[in-house]
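**Student:** In case you want the letters, here they are:
Protein chains: 2
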Amino acid sequence: MSALPAPARLALNSATTKRWSAAEAIEGCARAGIPGIGLWRDQVAASGLERTADLIWTTGVKVSSLCRGGFFTAADERGRRAAIEDNLRAVEEAAQLGTDVLILVCGGLPPGSRDLAGARRMVADGIAQVAPYAEQQGVRLAIEPLHPMFCADRSVVCTLGQALDLAEEVDGVLDGPIDGAGRAAGDLAVGVAVDTYHVWWDPQLHEQIARAGRRILAFQVGDWTVPLPADALLGRGHVGDGHIDVREIADSVAKAGYTGYTEVEIFSQRVWDTPGDETLHTLIERYEEYLAS
Amino acid sequence: MSALPAPARLALNSATTKRWSAAEAIEGCARAGIPGIGLWRDQVAASGLERTADLIWTTGVKVSSLCRGGFFTAADERGRRAAIEDNLRAVEEAAQLGTDVLILVCGGLPPGSRDLAGARRMVADGIAQVAPYAEQQGVRLAIEPLHPMFCADRSVVCTLGQALDLAEEVDGVLDGPIDGAGRAAGDLAVGVAVDTYHVWWDPQLHEQIARAGRRILAFQVGDWTVPLPADALLGRGHVGDGHIDVREIADSVAKAGYTGYTEVEIFSQRVWDTPGDETLHTLIERYEEYLAS
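Line by line, the protein sequences are chains C and V.
UniProt numbering puts the first residue of the first sequence at 1, with every later residue one more than the last.
UniProt numbering puts the first residue of the second sequence at 1, with every later residue one more than the last.
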């Protein structure tokens with residue numbers, strides 16, 4: 001279907017082709033020549049973990065990230081322990097799929113709660129408990145700040161600056177002394193995921209991207225379209241459909257030292273209702289139009 | 001209807017009783033014993049400016065703020081000039097209604113634009129052009145940061161920190177040298193409006209409220225309920241209905257030195273469909289339950 005050669009840094013995030021299983025999405029990327037894929041755990045489970053890992057091996061498509069760990073906030077200790085356990089499994093799945101990036105969507109307020117500071121402490125505690133095992137498995141944790149409109153129900157981590165504060169709290173400051181020893185970027189256990197849809201509005205965005213530097217473990221793109229639909233989750237558009245200057249943010253991210261994939265992640269009923277191969281073709285076209293050098 | 005005495009610092013923002021004209025809202029406050037009212041210009045126009053000002057005089061209800069000036073962003077010079085003109089009229093209306101606070105909702109991106117930095121410059125320019133006339137009329141401009149989900153279409157001013165940066169840019173830093181002379185809090189021409197609904201998620205909220213100090217010219221309250229409805233504008237609830245610890249924010253605002261009204265502003269179809277007197281009764285009840293000392 002696509003006559004264009006796919007860009008070398010382009011990745012599909014499999015949430016964009018939600019009706020596909022992981023196996024179908026990997027095969028779709030292989031057909032389209034898209035070299036990377038960010039996978040969601042539910043889609044991996046639908047295809048089977050072993051089979052998905054095999055398919056990654058045979059197609060040569062690389063897994064840019066696994067979505068998602070996190071959701072550390074819970075009303076009681078039992079719930080918080082279950083979340084930690086689930087994150088340890090996610091770390092193992094990431095390792096098995098050959099990616100060193102596990103994206104964390106950290107969780108909103110527990111039902112009925114108004115204790116935002118308390119929920120944020122649960123998140124910091126949760127990441128600190130998962131990080132040592134992740135490091136041991138060679139998987140890095142990418143804290144993803146979500147748009148503040150998801151603060152109540154999906155992520156109390158709302159800004160890139162806050163995500164970096166958390167990463168530094170758990171992982172130590174880069175090049176700073178940790179147990180008396182310096183720490184190089186290659187040793188990073190905890191970093192951040194930057195998604196244009198979630199961070200584009202932030203007046204501190206470019207300064208925080210510069211601060212993030214090598215802590216940027218994943219870069220996701222999607223556009224902001226208005227009006228927002230109900231629940232606000234599915235209001236995204238292809239790059240170029242909306243109000244975000246995606247190129248400007250991509251340039252900042254590159255300038256900060258990020259050299260990894262650009263993952264296209266779009267939650268949109270309209271996109272989901274489009275045949276997957278057609279969506280992948282649009283990804284390549286839009287990348288060429290808005291993001292290729 | 002209300003057996004409770006209304007708290008001395010409570011104000012209705014007339015958007016909460018959207019089906020009422022300004023005159024009806026003022027009369028409703030007088031009946032309920034609510035001492036303050038934040039008025040919207042469209043409702044004032046519906047009742048007539050003169051008649052509204054007379055009613056304020058005769059009922060003794062005080063105008064806590066006028067909503068709203070702003071919307072400085074426009075695709076062309078003509079549009080931006082028209083916005084300035086409209087803001088000068090809003091300043092005059094505020095003065096005539098006996099309030100010294102004009103709330104600014106600064107405007108989103110012009111249609112089709114992705115130039116966020118450019119839109120933010122338009123806002124700074126617009127406020128700078130309105131401020132001298134406002135100062136002359138004894139009206140202070142309260143920059144209201146809106147929730148970042150409104151960045152594209154209603155306000156490129158998204159955080160309290162950003163609003164304060166803007167206020168300081170236009171108005172000079174408090175106690176700092178302006179033209180060689182110090183500047184006291186009483187001389188403030190530009191400040192901010194803090195609305196719990198818009199700022200509650202901000203990890204820097206309490207430090208920015210402390211920084212704001214006497215620049216807080218208005219304090220509005222409303223609660224965050226989930227799920228968000230389409231367009232996200234009408235998803236608010238009465239204090240206590242949702243996820244915001246309104247009391248904690250009110251305490252911060254008081255600690256920063258704010259002594260003015262607490263205006264209840266709720267955009268909600270459910271609240272709008274409720275008879276106004278009943279809504280005012282709920283305002284008083286919730287204030288007593290969640291905000292009274």
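Treat the hints with caution; some may be incorrect.
[What the hints assert, rightly or not] If you want the footprint, here are the derived chain C segments under chain V, 3+ residues with CB under 8 Å: (1) 157-163; (2) 234-244; (3) 256-270.
[Claimed, not checked] Simulated coverage check for chain C against chain V, where a stretch passes if three residues somewhere in it have a Cβ under 8 Å from a Cβ of chain V: (4) 137-151; (5) 191-202; (6) 223-230.
Simulated from the structure, these hints should not be mistaken for laboratory data.
The beta-carbon is built from N, C-alpha and C at its ideal position, and this holds for glycine as well.
**Student:** Between the segment 256-270 of chain C and chain V, are there enough contacts, at least three residues with CB-CB distance under 8 Å, for the coverage claim to hold?
**Tutor:** It is violated, with 0 qualifying residues against the three required.
**Student:** Verify this for me: three or more residues of the segment 234-244 of chain C with a beta carbon less than 8 Å from a beta carbon of chain V.
**Tutor:** It holds: at least three residues are needed, and the segment 234-244 of chain C offers 3 whose Cβ sits within less than 8 Å of chain V.
**Student:** Counting residues of the segment 137-151 of chain C whose CB is closer than 8 Å to a CB in chain V, do you get three or more?
**Tutor:** This one holds; 4 residues, not fewer than the three required, reach chain V with a Cβ under 8 Å.
**Student:** With a Cβ-Cβ cutoff of 8 Å, does the segment 191-202 of chain C contain at least three residues near chain V?
**Tutor:** holds (count 3)
**Student:** Do at least three Cβ atoms from the segment 157-163 of chain C come closer than 8 Å to Cβ atoms of chain V?
**Tutor:** holds (count 4)
**Student:** The segment 223-230 of chain C covered by chain V? Criterion: 3 or more residues, Cβ-Cβ distance below 8 Å.
**Tutor:** holds (count 6)
When the structure is compared with the earlier hints, a violation turns up for hint 3 alone.
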